[in-house]
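Protein chains in written order, with this note's numbering: chain A, 2 to 345; chain B, 2 to 345; chain C, 2 to 345.
Treat the hints as calculated values from the structure; they're not laboratory data.
Warning: the hint list may mix true and false statements.
Repeated chains share a single entry, so a pair holds when one copy, or any two copies, can fit it.
Cut-off 30 angstroms, straight-line C-alpha distance, at most; resulting in silico cross-link-like pairs (DSSO-like, lysine-lysine) [claimed, not checked]:
1) 48 with 7
2) 126 with 189
3) 48 with 189
4) 126 with 48
5) 189 with 321
6) 321 with 126
7) 126 with 7
8) 48 with 328
9) 7 with 194
10) 343 with 331
For clarity, every value in this text was computed on a predicted model and none was experimentally measured.
These are the residues of each chain, in order.
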Amino acid sequence: MRFTLKELADAIGGTIDGDALIEVHSINTLTDAVAGQITFLSDSRFKKEMQNTAASAVILRQQDRDACPVTALIVENPYAAYAKVTNLLYPSRREEAGIHTSVVVGEGCEIATDVWIGPHSYVGKNVRIAPGCQIGPGCLIEDNVQIGANTVLLGNVTVMHDCNLGEGVLIHPGAVIGSDGFGQANDKGCWIKIPQIGRVLIENDVEIGANTTIDRGSIGDTVVEEGVKLDNLVHIAHNVRVGAHTVIAAGTGIAGSTTIGRNCMIGGSVGISGHLTIADNVTLTGRTTVLQSVKEAGVYSSGTPVEPNRQWHKNYTRFKQLDEMAKRIKTLEKMLATLEEKGN
Amino acid sequence: MRFTLKELADAIGGTIDGDALIEVHSINTLTDAVAGQITFLSDSRFKKEMQNTAASAVILRQQDRDACPVTALIVENPYAAYAKVTNLLYPSRREEAGIHTSVVVGEGCEIATDVWIGPHSYVGKNVRIAPGCQIGPGCLIEDNVQIGANTVLLGNVTVMHDCNLGEGVLIHPGAVIGSDGFGQANDKGCWIKIPQIGRVLIENDVEIGANTTIDRGSIGDTVVEEGVKLDNLVHIAHNVRVGAHTVIAAGTGIAGSTTIGRNCMIGGSVGISGHLTIADNVTLTGRTTVLQSVKEAGVYSSGTPVEPNRQWHKNYTRFKQLDEMAKRIKTLEKMLATLEEKGN
Amino acid sequence: MRFTLKELADAIGGTIDGDALIEVHSINTLTDAVAGQITFLSDSRFKKEMQNTAASAVILRQQDRDACPVTALIVENPYAAYAKVTNLLYPSRREEAGIHTSVVVGEGCEIATDVWIGPHSYVGKNVRIAPGCQIGPGCLIEDNVQIGANTVLLGNVTVMHDCNLGEGVLIHPGAVIGSDGFGQANDKGCWIKIPQIGRVLIENDVEIGANTTIDRGSIGDTVVEEGVKLDNLVHIAHNVRVGAHTVIAAGTGIAGSTTIGRNCMIGGSVGISGHLTIADNVTLTGRTTVLQSVKEAGVYSSGTPVEPNRQWHKNYTRFKQLDEMAKRIKTLEKMLATLEEKGN
């Protein structure tokens, strides 16, 4: 793919300061870009690196224009513009329509004619797959699943019975959608499995990372609202609701029946207990543990700092005395107050 | 499926207070249930929600009967009864017996005639699959695996060579049983892989969640005892033993050669070091880190609270001074004791 | 397999004190070994267990020889010797060369004649697979992947387009190599996916555990250097570089663009933020959280101890007062200093 800067500016919304007819064929970083490539400056702190760039053009904000030695594509949000330009220069790979002869398709399915289903995939009964979908090799799609238009399952993806995927959903390999929630009832020391009769509903434009698991609801559904982006190895338990346009980084787990607000940013390896509510616009930094609801927007964290092992061990041991230490401080304060009184 | 309350009471053990001939066809929550549905009250705190229920019947304890506006199915353990009733109303889906023509089966296998093996599965040599098993699509079962009666592999499950699965085991998609333990020996700066010659033994009635991994033993076996329930993305390392009827929530990892007791409840995203022993009846709350053996039954926890980021940062920094703070408190106490003596 | 001790000593480098013609056919632990088996003592603390061993021979250090009741195979590093002997006694299983008829292979592939590709695998276009490789059932290998000699994908492994695997690489089931990095740009409240145009480069002799995910670079590549060993359920984000001969235990996550040094030992369930640098020869104990670069070799840790829940709750609550406590100690110190001055 090749675009003139003018074509890019027209497509993504921006203005050009310099030669609008320059052509670029790929994108690279400020330091690695060469002629024929475009690059971007989204953080003014890296201005210095831009001054020596060999790129043909730089996507940047008006305020950084002066420091740019080459043609500039001026936008308000260079990082979003970088995303848009990259989507133009590197369109998604698409396989030709058709269902591979090795695919097993159950009765009663409705599969649009332009859908691709790769080798060794399995499609159960009464599955509906809308136009524009791409189902990679080795996928397992159980009975009664519905998949909206232009959704992509990259391969080795599992979608269990009765789950719904919206339009423009993208699922990476190894993800499992609709596995049973972890519902067990104790009966005199043994656990009885509780059939999980809810579904998973994935709304439009959701992305789901590799080996992520999303459990179906026990009663009622697990819902991932539109525009949510989940990284790899995330766990979404039964009856969780993830609000629209929330992003969740790798390794995070959300326990059952918790509701996550809209536009949240949840870091990697975060843990959130069950039956909580996280407000809209909450940021949880990586590795945070949340055992209570978070009721107001803001940035939240938990955890303790990394230290040389020997030093850590001393502080670690003291943690068990923290309550006692607090009480001793209080006692000292009282004693000192008494002493001072006497002194006067 | 449809049952009269009498049929349900007879099946699960309970008594009816009201019209025993009422029929129910499904289950729902106290607030969402409608006529024709049964619901349950397992926690008396939700009595209020019961008072307005539109369900045809409620499963509850005798003590909550008075607050119930409709027919009651009275039991000792409503949550277990809910599990049992749900199992009656929603029997497991079963595919018809037969091995799909695409399945590859190695030499020397013994597969019961009523077993289902779905498309694109692979069965190695000398595999034994007992009656009643259901092996979903895309499963990989290596040589010499033995699978007990009525075990279900839902699809895209991997069981490596020589592992044993008991009866009534249920494995969710993406789980890997019998991958190599992480055994590496350092030889002058390089790591030599230690062949993992043990197996994984899964006993009866174990459930294994999606994308969970259970490594084979290095020497000797990794054992998951009967009735254990593992959630998604759990990691069980080589030579671990998980005691009977223990439940482990999602994202938890147990390092090599650790023994977990019976009837333990291990929360999500817990981490347990290697070569430890956890006693019977231990509860570890979610996100707890265990670096030493836990020798007595009880509830254990670790971790620090979530806070607004700015506040957290101050406390986080102080953690490194905790040992020093403890010493300063001691010094203050001594100084004050001396001062007081002088004062007298 | 059967070896005389002499054959083993010749193969791995060591000397025999006792009967060099004794044959052994398998390996076992000090306590479980019987006649015909060899065992090893790598930690002198277990000398007592050796004194009663029924093994035919023990691999040990010269200094432990006296305590050994049977023939000894004396080496400098018994644990490495155990690894080497086990590799001799238990050679890797290998399937016969050939591509199963169910395998789908795209155009332009170069696959060496001695390669095995198991049933239901998919190989895209222009894939190169060097001699000696074993590709298990259900693997998904996308276009333009290159795989070096003697690399093994055990089954149900996914390698996305354009990624490179070196020689002697071993990948366990469920691993996903080359999934998209988690690159999202916010544009007025919605997230735009940033195409991930880099690759994953896996160098020689790397081992990758079950259900581990390694994301491709956004711009530029994600690199796992030679001899690295990754356990199960590890997450390596885009543009991470893992230095040679580093080991990473299960459940650990490394965020984007972080560089891990050589010969590091990273415990289980560790979390490392993005854009950091971890020096060579750093050990991070299990569950450590790293939010800043670690610039010097050494052993590092973080976290707080497990406690009975009630006690923990008190200390946990105090953590929020830690900064305030530190200030109160300082105040006390000042007050006391003033009092003492007055006293003099």
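Point to revise | Intra- versus inter-subunit Cα pairing at 30 angstroms for residue 126 with residue 48 | key: neither (57 angstroms within a copy, 41 angstroms between copies)
Review point. For residue 48 vs residue 7, is the C-alpha pair at or below 30 angstroms within one copy, between two copies, both, or neither?
Key: within (24 angstroms within a copy, 67 angstroms between copies)
Check your understanding: Is it within, between, both, or neither for residue 343 and residue 331, if the alpha carbons may be no more than 30 angstroms apart?
Key -> both (19 angstroms within a copy, 22 angstroms between copies)
Review point. Which holds for residue 189 with residue 321 at a C-alpha limit of 30 angstroms: within a copy, between copies, both or neither?
Key: neither (35 angstroms within a copy, 40 angstroms between copies)
Review point. How do residue 48 and residue 189 come out at 30 angstroms by Cα distance, when the copy is not named: within, between, both, or neither?
Key: Between copies only: 24 angstroms across, 67 angstroms inside.
Review point. For the identical chains here, do residue 321 and residue 126 meet the 30 angstroms Cα criterion within one copy, between copies, both, or neither?
Key: neither (57 angstroms within a copy, 55 angstroms between copies)
Review point. For the identical chains here, do residue 48 and residue 328 meet the 30 angstroms Cα criterion within one copy, between copies, both, or neither?
Key: Answer is neither: 52 angstroms inside a copy and 41 angstroms across each miss the 30 angstroms cutoff.
Review point. When no copy is specified for residue 126 and residue 7, does a C-alpha distance of 30 angstroms or less occur within a copy, between copies, both, or neither?
Key: For residue 126 and residue 7, the Cα distance exceeds 30 angstroms both inside one copy (49 angstroms) and across copies (35 angstroms).
Review point. Is it within a copy, between copies, both, or neither that the alpha carbon of residue 7 lies no farther than 30 angstroms from that of residue 194?
Key: between (61 angstroms within a copy, 23 angstroms between copies)
Review point. Quick one: residue 126 to residue 189, C-alpha cut-off 30 angstroms, is that within a copy, between copies, both, or neither?
Key: So residue 126 and residue 189 fail the 30 angstroms test inside a copy (39 angstroms) and across (40 angstroms) alike.
In summary, the structure is inconsistent with hints 2, 4, 5, 6, 7, 8 from the numbered list given earlier, while agreeing with the others.
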